[in-house]
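Chains A and B, in that order, give the protein sequences. Counting from 1, position 47 in the first sequence corresponds to residue 107 in this note's numbering; the numbering is continuous, with no gaps. Counting from 1, position 6 in the second sequence corresponds to residue 15 in this note's numbering; the numbering is continuous, with no gaps.
Any given hint could be a false lead.
Derived CB-CB ranges, DEER-like [said to hold, decoys possible]: (1) ALA74/A x LYS66/B: 37 to 47 Å; (2) PHE118/B x ASP100/A: 14 to 24 Å; (3) GLN28/B x THR73/A: 41 to 51 Å; (4) LYS77/B x PRO130/A: 40 to 50 Å; (5) ALA48/B x THR75/A: 18 to 28 Å; (6) SER36/B x GLY144/A: 27 to 37 Å; (7) SER62/A x GLY37/B: 21 to 31 Å; (8) LEU99/A x LYS77/B: 31 to 41 Å; (9) SER74/B x ALA74/A: 46 to 56 Å; (10) SER87/A x VAL59/B: 16 to 26 Å; (11) ASN111/A x THR20/B: 42 to 52 Å.
Stretch by stretch, here's where chain B covers chain A in the computed footprint (C-beta under 8 Å, at least three residues) [as the list claims (entries may be wrong)]: (12) 74 to 87; (13) 140 to 154.
Honestly, the hints are just simulated from the structure, not real lab data. Quick caveat: nothing in here was measured; it's all calculated off a predicted structure. C-beta atoms are modelled at their ideal positions from N, C-alpha and C, and glycine is treated no differently.
If you want the building blocks of each chain, they are given just below.
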Amino acid sequence: DSGVTQTPKHLITATGQRVTLRCSPRSGDLSVYWYQQSLDQGLQFLIQYYNGEERAKGNILERFSAQQFPDLHSELNLSSLELGDSALYFCASSVGRGRESGGYTFGSGTRLTVV
Amino acid sequence: GQNIDQPTEMTATEGAIVQINCTYQTSGFNGLFWYQQHAGEAPTFLSYNVLDGLEEKGRFSSFLSRSKGYSYLLLKELQMKDSASYLCAVSDYNTDKLIFGTGTRLQVFP
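All chains, full assembly: derive it from the sequences and hints.
Spelled out as structure tokens, the structure:
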């Protein structure tokens, strides 16, 4: 157990629907990062939150949104789902200044399948 | 922006040594990470370099040259379980976001 908890582990939904992925960071970590990994692809950075505020944005679609709550857990909302959104979604956390060795810890991911 | 390049695939023989290269361009460098990822699983931390030079940790070593924007991961005494994807990632100085390359899929054969 890495200390980063992602739920659900698997999600199957239909095109056009909306889903919410949840991430609880490791205790003491203030930053949360979301990544998308399509089949046989690299990890694409979506968005980062630090202590409740958006800190950096990657190639996140307008149909996707995220937030970090006061208890530091984060949710990634995916709407108007398309087949191409099927992927593994990973959450990672860090203290904030993730430069320390091993400073980024990944959750086990949510596998989203859009049918 | 950031750009990270690494070979797509490599093969090697059990017991051998393999070097996986990574080149990067970044506007604000705050360290380079190597992660191992087995298919369908989360990335796991292997190494971190922020200063030039070689970091050794057991069978794995990682090298960084900041002036050349270059790093490599060296895997010695390869085992079958080392068959996985190896991800090079750069941390951004201003935001701490971690940007990944596309990964190198390593296959180890007996």
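Evaluation of the provided hints:
no. : hint                            : verdict
1   : ALA74/A x LYS66/B: 37 to 47 Å   : 46 Å, holds
2   : PHE118/B x ASP100/A: 14 to 24 Å : 20 Å, holds
3   : GLN28/B x THR73/A: 41 to 51 Å   : 42 Å, holds
4   : LYS77/B x PRO130/A: 40 to 50 Å  : 44 Å, holds
5   : ALA48/B x THR75/A: 18 to 28 Å   : 26 Å, holds
6   : SER36/B x GLY144/A: 27 to 37 Å  : 29 Å, holds
7   : SER62/A x GLY37/B: 21 to 31 Å   : 27 Å, holds
8   : LEU99/A x LYS77/B: 31 to 41 Å   : 33 Å, holds
9   : SER74/B x ALA74/A: 46 to 56 Å   : 49 Å, holds
10  : SER87/A x VAL59/B: 16 to 26 Å   : 25 Å, holds
11  : ASN111/A x THR20/B: 42 to 52 Å  : 44 Å, holds
12  : 74 to 87                        : violated (count 0)
13  : 140 to 154                      : holds (count 4)
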